[in-house]
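Student: Residues per chain are reported as follows:
Number of protein chains: 4
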Amino acid sequence: MNRYALSFIILILFVFTSKAQSRKEIQIPDIPGLVTLKCDFHMHTVFSDGNVWPTIRVREAWEQGLDAIAITDHIEYRPHADDMKKDLNRSYEVAKPLADQAGIILIRGTEITRKMPPGHLNAIFITDANKIEVDDWFEACREAKNQGGFIFWNHPGWKAQQPEKTLWWNEHTRLFEAGLMNGIEAYNSDEFYPEALQWANEKGLTILANSDIHDPIGYNYDPAVTHRPVTLVFASSKSAESIQKALENRQTAIYFEDKLAGSQKYLEPIFKASIKIVSAPLKLANKKSGYVLIHNSSDVDFILKSTQVPGKYSYKKDVVLKAHYTTRIDISGKSDDIQNQSVIKLEYEVKNLIIAPDKCLNVTINIPNL
Amino acid sequence: MNRYALSFIILILFVFTSKAQSRKEIQIPDIPGLVTLKCDFHMHTVFSDGNVWPTIRVREAWEQGLDAIAITDHIEYRPHADDMKKDLNRSYEVAKPLADQAGIILIRGTEITRKMPPGHLNAIFITDANKIEVDDWFEACREAKNQGGFIFWNHPGWKAQQPEKTLWWNEHTRLFEAGLMNGIEAYNSDEFYPEALQWANEKGLTILANSDIHDPIGYNYDPAVTHRPVTLVFASSKSAESIQKALENRQTAIYFEDKLAGSQKYLEPIFKASIKIVSAPLKLANKKSGYVLIHNSSDVDFILKSTQVPGKYSYKKDVVLKAHYTTRIDISGKSDDIQNQSVIKLEYEVKNLIIAPDKCLNVTINIPNL
Amino acid sequence: MNRYALSFIILILFVFTSKAQSRKEIQIPDIPGLVTLKCDFHMHTVFSDGNVWPTIRVREAWEQGLDAIAITDHIEYRPHADDMKKDLNRSYEVAKPLADQAGIILIRGTEITRKMPPGHLNAIFITDANKIEVDDWFEACREAKNQGGFIFWNHPGWKAQQPEKTLWWNEHTRLFEAGLMNGIEAYNSDEFYPEALQWANEKGLTILANSDIHDPIGYNYDPAVTHRPVTLVFASSKSAESIQKALENRQTAIYFEDKLAGSQKYLEPIFKASIKIVSAPLKLANKKSGYVLIHNSSDVDFILKSTQVPGKYSYKKDVVLKAHYTTRIDISGKSDDIQNQSVIKLEYEVKNLIIAPDKCLNVTINIPNL
Amino acid sequence: MNRYALSFIILILFVFTSKAQSRKEIQIPDIPGLVTLKCDFHMHTVFSDGNVWPTIRVREAWEQGLDAIAITDHIEYRPHADDMKKDLNRSYEVAKPLADQAGIILIRGTEITRKMPPGHLNAIFITDANKIEVDDWFEACREAKNQGGFIFWNHPGWKAQQPEKTLWWNEHTRLFEAGLMNGIEAYNSDEFYPEALQWANEKGLTILANSDIHDPIGYNYDPAVTHRPVTLVFASSKSAESIQKALENRQTAIYFEDKLAGSQKYLEPIFKASIKIVSAPLKLANKKSGYVLIHNSSDVDFILKSTQVPGKYSYKKDVVLKAHYTTRIDISGKSDDIQNQSVIKLEYEVKNLIIAPDKCLNVTINIPNL
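Chains as they are written, first to last, in this note's numbering: chain A, 1 to 370; chain B, 1001 to 1370; chain C, 2001 to 2370; chain D, 3001 to 3370.
Please note that a few of the clues may not be correct.
[Unchecked claim] As a list, the in silico BS3-like pairs of lysine-lysine whose alpha-carbon atoms are at most 27 Å apart:
#1 B:Lys-1265 - B:Lys-1345
#2 B:Lys-1359 - B:Lys-1317
#3 B:Lys-1085 - A:Lys-131
#4 A:Lys-276 - A:Lys-203
#5 A:Lys-276 - D:Lys-3024
#6 A:Lys-334 - C:Lys-2115
#7 D:Lys-3322 - D:Lys-3345
#8 D:Lys-3351 - B:Lys-1159
#9 B:Lys-1276 - B:Lys-1351
#10 D:Lys-3316 - B:Lys-1159
#11 A:Lys-345 - A:Lys-288
#12 B:Lys-1259 - B:Lys-1287
#13 C:Lys-2238 - C:Lys-2145
#14 D:Lys-3351 - B:Lys-1259
#15 D:Lys-3283 - B:Lys-1334
#16 B:Lys-1316 - C:Lys-2317
#17 D:Lys-3259 - B:Lys-1322
#18 C:Lys-2145 - C:Lys-2131
#19 C:Lys-2317 - B:Lys-1024
#20 D:Lys-3131 - B:Lys-1159
#21 D:Lys-3238 - A:Lys-288
#22 B:Lys-1024 - C:Lys-2272
#23 C:Lys-2203 - C:Lys-2115
#24 C:Lys-2287 - C:Lys-2259
#25 C:Lys-2316 - A:Lys-115
#26 D:Lys-3131 - C:Lys-2085
#27 D:Lys-3131 - B:Lys-1316
#28 D:Lys-3085 - C:Lys-2096
#29 A:Lys-345 - A:Lys-359
#30 D:Lys-3283 - A:Lys-24
#31 B:Lys-1115 - B:Lys-1085
#32 B:Lys-1317 - D:Lys-3115
#33 B:Lys-1165 - D:Lys-3351
#34 A:Lys-24 - D:Lys-3345
[Unchecked claim] Non-contacting residues of chain A with respect to chain D, defined by C-beta distances greater than 10 Å in every case (computed):
#35 Thr-55
#36 Gly-103
#37 Gly-157
#38 Asn-249
#39 Lys-272
Hint data in this document are derived by calculation from the structure and do not stem from the laboratory. No residue lacks a Cβ here, since even glycine has one placed at the ideal position from N, Cα and C.
Please work from the sequences and hints to get the whole structure.
Tutor: Shown next as structure tokens:
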């Protein structure tokens, strides 16, 4: 249809350049020796039961500051099949050129979608999704693993499959012991599963937080209100290989709602790299007060609650270190020899940095005192 | 695949009920004898060069307070063809059950997509898009018309096709005189075409404002900032038939950005139905002042600029009647016989109600004076 | 200083007209036979320890949709006294002309400010604050009462005065029994006191929610996030007399954060007057589903949790009727004789309509079924 | 009144600690060798015709990221005089302790408030406002100067004093030639005066942008919509002395609405220090395209319009470098020898960086090309 050629070339350029072309980085800092990559390893497109074309997933990722994504269309559930030609690798292939061009690391993935047990499992870093369409779920996982896949259990506490209680079944033990379950979603869509955090700690699973998005991302995460869930991967560099290695070594934490969850090993350096004391040293004396100014350069409001044992000085019990703001904390001297103390320690529990179900990160902020 | 049956039924219910299920009406009032329907007659899906599944267009419409939409996938431009089975009627058919269930009037449509002249034309109220795939554009339009279609010229000032100037070509005259061009977009996507408003007034075309959306609607119209363009159809009832009749009778206006454009016949009653005086009558006297409180129940901020000739009283020159607020306008007496005047007239031009290129609606607000 | 006259007259007009002159009504409906007045009876100015001129309180009230306010500067605590001439009636007198002009009902008040017990008490509808400056707190209250005052206990659970527990002291019994304590703040500033709600129910006190604002109102209640606390007064008309009578008859409820608290007698008709079914009647059958559309015209998101005993039909368990939106609730038939039931009842607890500590309002929404 | 002592001490602490205690820095970078201080040198309190206590001005300044302010209450216009004890130095003295404690540089100032000519003039860095209460305006300015004051003409185009046209009167020449007019507001409240920018360039006046705020700051500048006007002072250090020296040397620019205005000498380094190329070097070839990613770390959206003469490559004509976002600009090769060009220059006019009435800053962004 040669006749249309000119207008269509123009059309394509127009469509391309008319888009919003700006990206908002997620401000969660790197930690010593590692880069903090922002990733979402669970999402769908029209090629299974999602409602967007694969390139939209890349654009959403770029605009929202992600470094890497995996499109994980269902193998066994494809309600649009009547209108689509069948090839389980297509959503990856359609998205790949734009991902390369935009600098988004696109990881090939798929969702093995079974009733409970074992429920739904994502396999990423695979090479051919079509070959994973196998009747037996164990064999499907084995094929994914043989392709080099990293496999994790999706939404373990999903009410549709675990209506009463979030259970670990024998089938999960079987997969786990065969090396066919390497990670677990402690957060999916808008649900947090504390049990998953517990199991991850006990058994040595990698934790993940993913959107499992089917619709345009704005449907589920209104940017005026919240952000999509993110798996933070602490990698040696920004590359697919480093991400795979980091996932295998459990070098992740999760960022959801206003919270971070993960090992103290990662949350503590994130907290430390996020805050900075920007006021002059204290000159605290008995019955006098001073203050410290703390700037928080991350996107996370840190919600602090004092754990101080009453002593030579007192300070504000409840503090929010608001993201991108400088917060002032007043400190009062309560003893004559406070002047001789060269460092004033503010001891807090960070209520929204979670290191285990019912356990938050404890931090000490050291303030110089002249 | 019987084994999966249970989990999939559960899956479907979950997906369905997890969605946001709330709708925000567009507050632009009915006018005497007619309902004001909010419509968008130009949008795309994965079935041509759009990036969402057709049902998303219905959900977006329902949530954003529309009454009727037409999905108008391109006949001649379908870049996803390699992955989709071909049938130009499918986007309508896929969306129809959800539209029926949600109470959205879905009008069958298509876009005849040619180089300029005549450029792109939408045909809506057709019966079979496949039959409109005809080499000759004039014949394509004739076929659409024979099916009962209403045809309008899309984005007449689109730079990709009219880079220098927005021209009316002989081909448009040919279509128009054959009854194959009934309307024109005076607004498309984020562009206003004053020439289209002019031609519509001169030749008797129906004006429309449509989104021409290809991506998820939130990409182009961030709800925190703006709204999608809307064709207001003044119909005798909320039905497809009434909409078609109203379009044929030029009973439309357009709502875009912070503006309305259209005939005085429609904009004036909208303004009047939107505002209400909620204060007590004035008791104006010379060198005294009083005020009127005006509530604006519409979604449109009305931007008023006084057209008063200085006289027996004065009032605020620049006023914004903010949407959903009550605004106070102070009025001062300037003459002794002001007490004898039973009505004080506030005369304003409404800068964002456009009745012709460079012409705004003039209004008079009558305030009782005791 | 005649020389300056002209420029100052101009100055005053400029200052006056440069202000935002729009008001946002609080959308909480009237109830049968009574108007729902929005009031704040506790606030401060530079005349005691507040930080704004009294007219600011009137302007804030007008812009934020209040009907009536009381400025209640402290009698005993006036840290700006060195710079201000002393007269405890001045904050009322300074604000009164603007209140009259703006149609805000300004009620004369003051705060009797003592250590606990009895703590701080507001007296409103008094006639001369200077005469209430009396050493003995009981005598101060008696004087306020003699002036016609309505007296209420402020922030009964304020940690500064009740650090361990919110106690009712003998002194409160003494005041109460002498008719010198007529109401109690169940909400002050940003604190809710469930004990106050309990005592109000038990003893027959009027409940109030007030801002106790000292700074510009935007400091404590960012309009992008929340609203100021409001005492809803159910009065026979919009007048100071009706408000006083309604307060004496306990015709109030309180509106704070995203909640209403008060007697079922008031909260139920507010809920009913706020919602409207806007969908066609159901045609429910076994194994079929239908839906109802409910529009909420109030400013309050109603948070519903089903209290249904499983039966012939089921419906969504958790629903938010978002303020100013239309919400859809899906209903499924579960029995063959559901067709014969002419009304489908949706039974919910409204989690944010509080009728006693730990008790929410139960509502039934009746849906016609053909 | 000993009895109240305890509760009042507690009260003060409560009031103090209940305030929002967070500060949002204004992100406009330092320039080589100088710090960019954010200042507002024109504001009022209850001590003249303002409506807030002086400490509010300090708190607003701290929270909104200012470094220095001057409270400049009117000498000749004090409508609250009946209620206040008279001392023109009090607003400074009342605010000073909090300013010192909060680290805000508080500069002593006053407003000499006359009819036009010469209109209103601010004198800052004075030592005693009471002594400036002198009948003759020229003598008042001379006294201010003798105290060490820096004097600037306020709102020169204020319609109340210059209804027809913004005129420079003989009186201004007289002041200017006597060294009694050192600066001029090119922006006041919500008005921009291009004439002032012109005069400043021609005569060597320092430009300023100030709020002239009378009400709580949120009244005039809703933080969800805009920011207060700011005088940017390029000083050698953060101190009152450095500010005074910088003002005398015309080392200022102004930040208002979405714009910066001032000398190219300052705007160019601000632009350069705000942006950073974060993408890899280009590898541009004929008929191929590449892109650059530019991060803007300032609070200002830079609105770019291409000034390129068509040549060996082309790039996006209209770009907004959104504040705190990374923006992508696509570049296309148009010639075979583009590969040999080691730097690709993007040439733009920055529409919202104003260096003279009708003249914007031109910038060149250099992109490495391998």
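Student: If a hint holds in the structure, say so; if it does not, say that too.
Tutor: These are the hints, each one checked on the structure:
Taken as a hint, the B:Lys-1265 and B:Lys-1345 pair is honoured in the structure, with Cα atoms around 21 Å apart against an allowance of 27 Å. Note on B:Lys-1359 and B:Lys-1317: the hinted pairing holds, with a Cα-Cα distance of about 18 Å set against a maximum of 27 Å. This hinted pair checks out: B:Lys-1085 and A:Lys-131 have alpha carbons roughly 23 Å apart, not beyond 27 Å. Our distance criterion of 27 Å between C-alpha atoms is broken by A:Lys-276 and A:Lys-203, whose separation comes to about 36 Å.
For the suggested pair A:Lys-276 and D:Lys-3024, the alpha carbons sit about 14 Å apart, so the restraint of at most 27 Å is met. Simply put, A:Lys-334 and C:Lys-2115 have alpha-carbon atoms about 25 Å apart, close enough for the 27 Å limit, and the pair holds. Proposed proximity of D:Lys-3322 and D:Lys-3345 is supported: the alpha carbons are some 20 Å apart, at most 27 Å. As the CA atoms of D:Lys-3351 and B:Lys-1159 are separated by approximately 22 Å, the hinted pair is consistent with the 27 Å bound.
Using a Cα cut-off of 27 Å, the hinted pair B:Lys-1276 and B:Lys-1351 holds, with the two alpha carbons roughly 19 Å apart. Pair hint D:Lys-3316 plus B:Lys-1159 holds up; C-alpha atoms about 15 Å apart against a cutoff of 27 Å. Taking the CA atoms of A:Lys-345 and A:Lys-288, the gap is about 17 Å. The hint holds against a cut of 27 Å. For the proposed pair B:Lys-1259 and B:Lys-1287, the alpha carbon gap of about 37 Å is over 27 Å, so the pair is violated.
Proximity of C:Lys-2238 to C:Lys-2145 is assessed by CA-CA distance (about 23 Å); at most 27 Å being required, the pair is judged to hold. The straight-line distance between the Cα atoms of D:Lys-3351 and B:Lys-1259 is roughly 25 Å, inside the 27 Å bound, and the hint therefore holds. Taken as a hint, the D:Lys-3283 and B:Lys-1334 pair is broken in the structure, with Cα atoms around 73 Å apart against an allowance of 27 Å. With a C-alpha separation of about 52 Å, the suggested pairing of B:Lys-1316 with C:Lys-2317 is violated against the 27 Å cut-off.
For the given pair, D:Lys-3259 sits about 25 Å from B:Lys-1322 by alpha-carbon distance, which is consistent with the 27 Å threshold. In summary, the hint linking C:Lys-2145 to C:Lys-2131 is supported, as the alpha carbons are separated by about 12 Å, within the 27 Å threshold. For the hint linking C:Lys-2317 to B:Lys-1024, the alpha-carbon distance of about 22 Å falls within 27 Å, and the restraint holds. A hinted pair counts as satisfied when its Cα atoms are at most 27 Å apart, and D:Lys-3131 with B:Lys-1159 does not qualify at roughly 66 Å.
Between D:Lys-3238 and A:Lys-288 the CA atoms are separated by roughly 26 Å; this keeps the pair inside 27 Å, and the hint holds. For the proposed pair B:Lys-1024 and C:Lys-2272, the alpha carbon gap of about 20 Å is at most 27 Å, so the pair holds. Among the hinted pairs, C:Lys-2203 with C:Lys-2115 is consistent with the structure: their alpha-carbon atoms are about 23 Å apart, no more than 27 Å. Among the hinted pairs, C:Lys-2287 with C:Lys-2259 is inconsistent with the structure: their alpha-carbon atoms are about 37 Å apart, more than 27 Å.
For the hint pairing C:Lys-2316 with A:Lys-115, the CA-to-CA distance comes to about 24 Å; that is within 27 Å, so the pair holds. A hinted pair counts as satisfied when its Cα atoms are at most 27 Å apart, and D:Lys-3131 with C:Lys-2085 qualifies at roughly 23 Å. Note on D:Lys-3131 and B:Lys-1316: the hinted pairing is violated, with a Cα-Cα distance of about 40 Å set against a maximum of 27 Å. Restraint check: the Cα-Cα separation between D:Lys-3085 and C:Lys-2096 comes to about 22 Å, which is no more than 27 Å; the hinted pair holds.
Between the alpha carbons of A:Lys-345 and A:Lys-359 the distance comes to roughly 21 Å, so the proposed pair stays at or under 27 Å and holds. Straight-line distance between C-alpha atoms of D:Lys-3283 and A:Lys-24 comes to about 25 Å, which keeps the hinted pair within the 27 Å bound. With a CA separation close to 26 Å, the supplied pair B:Lys-1115 and B:Lys-1085 stays within the 27 Å bound. Restraint check for B:Lys-1317 and D:Lys-3115: the C-alpha separation of about 24 Å stays at or below 27 Å, so the hint holds.
Only pairs whose Cα atoms come within 27 Å are accepted, and B:Lys-1165 paired with D:Lys-3351 is accepted, the gap being roughly 24 Å. Only pairs whose Cα atoms come within 27 Å are accepted, and A:Lys-24 paired with D:Lys-3345 is accepted, the gap being roughly 25 Å. Taking the minimum C-beta to C-beta distance to chain D, about 15 Å, the non-interface status of A:Thr-55 holds against the 10 Å cut. Residue placement check: A:Gly-103 does not keep its beta carbon more than 10 Å from all beta carbons of chain D (closest about 8 Å).
With a closest Cβ-Cβ approach of about 36 Å to chain D, A:Gly-157 is found to remain outside the 10 Å limit, as its non-interface label requires. Non-interface call for A:Asn-249 relative to chain D: holds, since the shortest CB-CB distance, roughly 28 Å, exceeds 10 Å. No beta-carbon of chain D comes within 10 Å of the beta-carbon of A:Lys-272; the shortest separation is about 20 Å.
The structure fails to meet hints 4, 12, 15, 16, 20, 24, 27, 36 from the earlier list, while all remaining hints are met.
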